[in-house]
Amino acid sequence: MSALRRRITKLVVFLRPGKAERELTREVEAHLDLLQERYRHHGLAPDEARRAARRHFGGLDRVKEAIRDERSYRLLENMRRDVGYSLRALARTPGFTVLAVLTLAVGIGATTAVVGLANAVFFRAPGGVADPSSLVGVYSDISTTPEQEFIGFSYPQYQELKARQRPFTDIATSIRSSGTMRSKTDTRPVSMVFVSGNYFELLGVQPRSGRLPRADEDSPAAAPVAVMSHTFWVEGANKIGDTVYINSTPVTLVGVLPPEFDGHRLDWYPHPDLWLPVNSYPAIFSSNRLERPDINLMIAGRLRAGVSLEAAQASISPLVGDLDLPVFPNYQIDSAIVRPFSEGRLWPRRRPALQHLMASLMGVALLMLLIGCFGITNFLVGRVMARRHELSVRLAIGASRLRIVAQLLTEAALLAVAASLLGLWIATMIARWVATFPDLFGRISLDVGPILDSRVFFVAGGLSIVTAVVVGVFPALIGLRDGAYTSAQRVPQGTSWGRVLSSPRQVFLVLQVIMTVALAVIASLFVRSLARSLAVDPGFSTDGVVIARLGTGHLDDESVGQFHRELMTRLLAQPAVRRVAISINDPFAWGMALYEVPGTDETQRTETTFVSPDYFELLRIPLLSGRTFREADGAQGTALVINHILAERLWPGEDAVGRPLRFPLLTDRAVEIVGPRDRTIVGVVRVAACRNPLDEPEPCAWGPLRSTQANALYVQSSADIGTIGQLIRETARALDDNVAISRIRTLRQHVDDVFADARMAATVAGTIAVLGCGLLLVGCIALFRVMVSERHHDIGVRLIVGATRGHVLSRVVLQALFLTAMGVLGGELLAVWIRPLIAAQLVGETATDVMPYVVPAAMILTGSVIASAVSAHQALRIDLARLFRHE
Amino acid sequence: MTSESVKLLQGSLDLIVLRALATMGPQHAYSLAQRLEQVSEHPLTLNQGTLYPALVRLEQRGWIRGTWRTTENNRDAKYYDLTKTGRRALARQTARWQQLSGLVERLLMEPER
Chain A
1 MSALRRRITK
11 LVVFLRPGKA
21 ERELTREVEA
31 HLDLLQERYR
41 HHGLAPDEAR
51 RAARRHFGGL
61 DRVKEAIRDE
71 RSYRLLENMR
81 RDVGYSLRAL
91 ARTPGFTVLA
101 VLTLAVGIGA
111 TTAVVGLANA
121 VFFRAPGGVA
131 DPSSLVGVYS
141 DISTTPEQEF
151 IGFSYPQYQE
161 LKARQRPFTD
171 IATSIRSSGT
181 MRSKTDTRPV
191 SMVFVSGNYF
201 ELLGVQPRSG
211 RLPRADEDSP
221 AAAPVAVMSH
231 TFWVEGANKI
241 GDTVYINSTP
251 VTLVGVLPPE
261 FDGHRLDWYP
271 HPDLWLPVNS
281 YPAIFSSNRL
291 ERPDINLMIA
301 GRLRAGVSLE
311 AAQASISPLV
321 GDLDLPVFPN
331 YQIDSAIVRP
341 FSEGRLWPRR
351 RPALQHLMAS
361 LMGVALLMLL
371 IGCFGITNFL
381 VGRVMARRHE
391 LSVRLAIGAS
401 RLRIVAQLLT
411 EAALLAVAAS
421 LLGLWIATMI
431 ARWVATFPDL
441 FGRISLDVGP
451 ILDSRVFFVA
461 GGLSIVTAVV
471 VGVFPALIGL
481 RDGAYTSAQR
491 VPQGTSWGRV
501 LSSPRQVFLV
511 LQVIMTVALA
521 VIASLFVRSL
531 ARSLAVDPGF
541 STDGVVIARL
551 GTGHLDDESV
561 GQFHRELMTR
571 LLAQPAVRRV
581 AISINDPFAW
591 GMALYEVPGT
601 DETQRTETTF
611 VSPDYFELLR
621 IPLLSGRTFR
631 EADGAQGTAL
641 VINHILAERL
651 WPGEDAVGRP
661 LRFPLLTDRA
671 VEIVGPRDRT
681 IVGVVRVAAC
691 RNPLDEPEPC
701 AWGPLRSTQA
711 NALYVQSSAD
721 IGTIGQLIRE
731 TARALDDNVA
741 ISRIRTLRQH
751 VDDVFADARM
761 AATVAGTIAV
771 LGCGLLLVGC
781 IALFRVMVSE
791 RHHDIGVRLI
801 VGATRGHVLS
811 RVVLQALFLT
821 AMGVLGGELL
831 AVWIRPLIAA
841 QLVGETATDV
851 MPYVVPAAMI
861 LTGSVIASAV
871 SAHQALRIDL
881 ARLFRHE
Chain B
1 MTSESVKLLQ
11 GSLDLIVLRA
21 LATMGPQHAY
31 SLAQRLEQVS
41 EHPLTLNQGT
51 LYPALVRLEQ
61 RGWIRGTWRT
71 TENNRDAKYY
81 DLTKTGRRAL
91 ARQTARWQQL
101 SGLVERLLME
111 PER
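Protein chains in written order, with the working numbering: chain A, 1 to 887; chain B, 1 to 113.
Derived from the structure by calculation, the hints contain no laboratory data.
This structure is a prediction, so every number in the text was calculated from the model and none was measured.
Treat the hints loosely; a few may be bogus.
Stated by the list, open to error - Sample of chain A residues lacking proximity to chain B, with all beta carbon distances greater than 10 Å (derived): (1) L34; (2) F57; (3) I426; (4) D447.
As the list claims (entries may be wrong) - The calculated DSS-like cross-link candidates involving lysine-lysine, where the alpha carbons are at most 27 Å apart (straight line), are: (5) A:K10 with B:K78; (6) A:K184 with B:K78; (7) A:K239 with A:K184; (8) A:K162 with B:K78; (9) B:K78 with A:K64.
Idealized CB from N, CA, C, for every residue including glycine.
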């Protein structure tokens, strides 16, 4: 009881120290008065009595300290005092404080943002679902390719699996698609998910208002209903009970989903607007595609209690192997892959590319932080050196070393805490900014909602602590060492000329230079790598090309071909239009196909898309041999154009034109196409990378566009984008009122959009790297000046004994240069040693590229010469008489 | 007084202060210090200020209570008095002290081998 009471009182005193302090002074004064009176009775004079009283009482300050120790929490009191002191110190140099906080905040913010995004994309379960840990994604795999394929299922396959599977309480299916929606107010493209009747129940999603589709509504006979995403409901003018027309089919809106549920997949931007029963798919899309074997339905399952992923996979694999695939006899599905839901936010095959991007960004962000830390450490070291006299006095009058270190660390900790708070805000801003890029790698959206969760806070907190330690420890140790010399003595002077690395400060300087050079080299390697990868030629010309997205979901395969031909003809008839082309997807949003390697029973992967005849000419893609497509190819459908990478891979050194290539399955995830499996190569073009120009060169193949759904319309013209956009809209509307034309922009803009995030990251990283290296450089220069200024005495002696000024100057500069050169050499060696560790993150980097190594070295060597020469010049102007007056 | 004996004294200071207040009634710090000097028989070796941490400690525990009053010589002084819990604590501490000192004494009396 008394212990508790004491603790409370201590806390009260800590929170309101003023009253206790005043009372203490009053009490001690009264005590001293009484003592003084006693000594006066002994016959001492008033002054002497007072002194005797103080002596008898004991050192006033020491007693007060002891009382304060007893009265409250010493640690907290000290902290308060340190914080107050540090705040005042930081306020005295607002420029440095702002710069330091900003530099660290950007580093911490960028790192936190990357961690947050990676966490959200790779590890976080989708929001709004119940018990996400037992949810899994089920895919099928084929054995003829070396990689795992993660293929979906057709509807009959799903039904068979659902009936026969054991490891899951249930499985549900979903498929993404887009169409055109006409409502009372407007006509717009709409993003949809078609789900089986048990989908929401399996996921445990409840409607926010209205209701979800009933199980009996998941039937081809039922009138189509849809449930709205929260965003769609909030931003649009549609209410529950309204009827909208999707691809001309009436659909009743029956409910709204909660805001935290935005579908369980991140690929395929934009986020879904509507969820419909999967059996209304045929009603929305004219042909009865649900029964087609090439449809790619995703399957989600909920594991029974106690069943592991591996057990589920082992149990379901034989079932998947048994599934009938009559259309593709050569295409053997033989096992299942089961993945946790949290990993299923992206199609698993997209993970590596995204992981690579995240790793690169992480490297840059951490480097930014590290450079920032070192720059600020340098500054603080300079500051501590300037305070060494004060520190030595404090040590001399009995301050403990721990107290001094704690005080010096406080400053760094304050900077780190401020930077972390700002950094969290910056991270949120970065995440929001990244979310505005709809087409990362063509199809992935990183619109993941708020990125900050407990895991990310943990990382940010850790970063803050590490930053404080990295920034604070070295200055604190330097301060302690310098302060340890009593104030009566000067800090030991450099040392004799000519001997290098003989003082700790010289060692520190060399270490600084090593770190500066190594970091600068690595930073420039990273920045150059990013810059290079972004300067990559997309592989085609964007000059004068406008791209628009076509929404023709209401048309069946026959009429859509007719529409495409008519649209292209009418646009070409316009005087401003030079060329028109259509491809089934946007640039970089390619499909994947498997081809049989001639002469083997192996299959391999190629990027695939389908394009209209003028496509290659419009984009000025260089034709290496053969020809591009003609009008007749579309009807026949057997022609194929491949890129030089694929040609070189299959027929090295020979002409590929005229050779056959067989595709066991030719399909695209976005638009299902089944064309002839046997194709003849008619042309070879030069395009290095189709899906992602940042990636390694990859094989690509183009088929002729047949009568099928297609997304991307390209128009090359001399007119400006406003005129041409208007022209496209009017022409399309004149042909078919239900066609939605959206996202009209220049092809250049589209390409920029796709890569803008990475380009911006490189710019920011480059700026920070330059800033950080600049800080380091300034720190090194400051250190030179301190070292030379400590030489004043030495220089004076030399001048007196007859050394010429030129001689002294050259000695100082040469020594600085020698120390720097040692550091530079060490830094370069360190960078060379580190480079292989980060080589995987460097794009297009060659070991012979010496610029990143040369520039930082040249900068710091020049800096050291200038700094030492200027300092030495100042030292030479010193007044010798004044310098030696005291000797 | 050696530093060791100071430490020993500080350890038992709480008990001494409680005891002094119990026998002498309310006292201010100065008179308590004088009392201590009398008892220790080395009036000038004790810094009177060392009493204060003990007073703060005891007051925060609620064993003594300080009130500002005027001395006979018409001066301001903070008088400390034992509280009820302080009396109980004194009894407890005294018993413990006697137990401990008895034990220590017996151990010290054992002949060395």
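Those earlier numbered hints the structure runs against, lowest number first: Hints 1, 2, 6 and 8 are the ones this structure does not satisfy, whereas the remaining hints hold.
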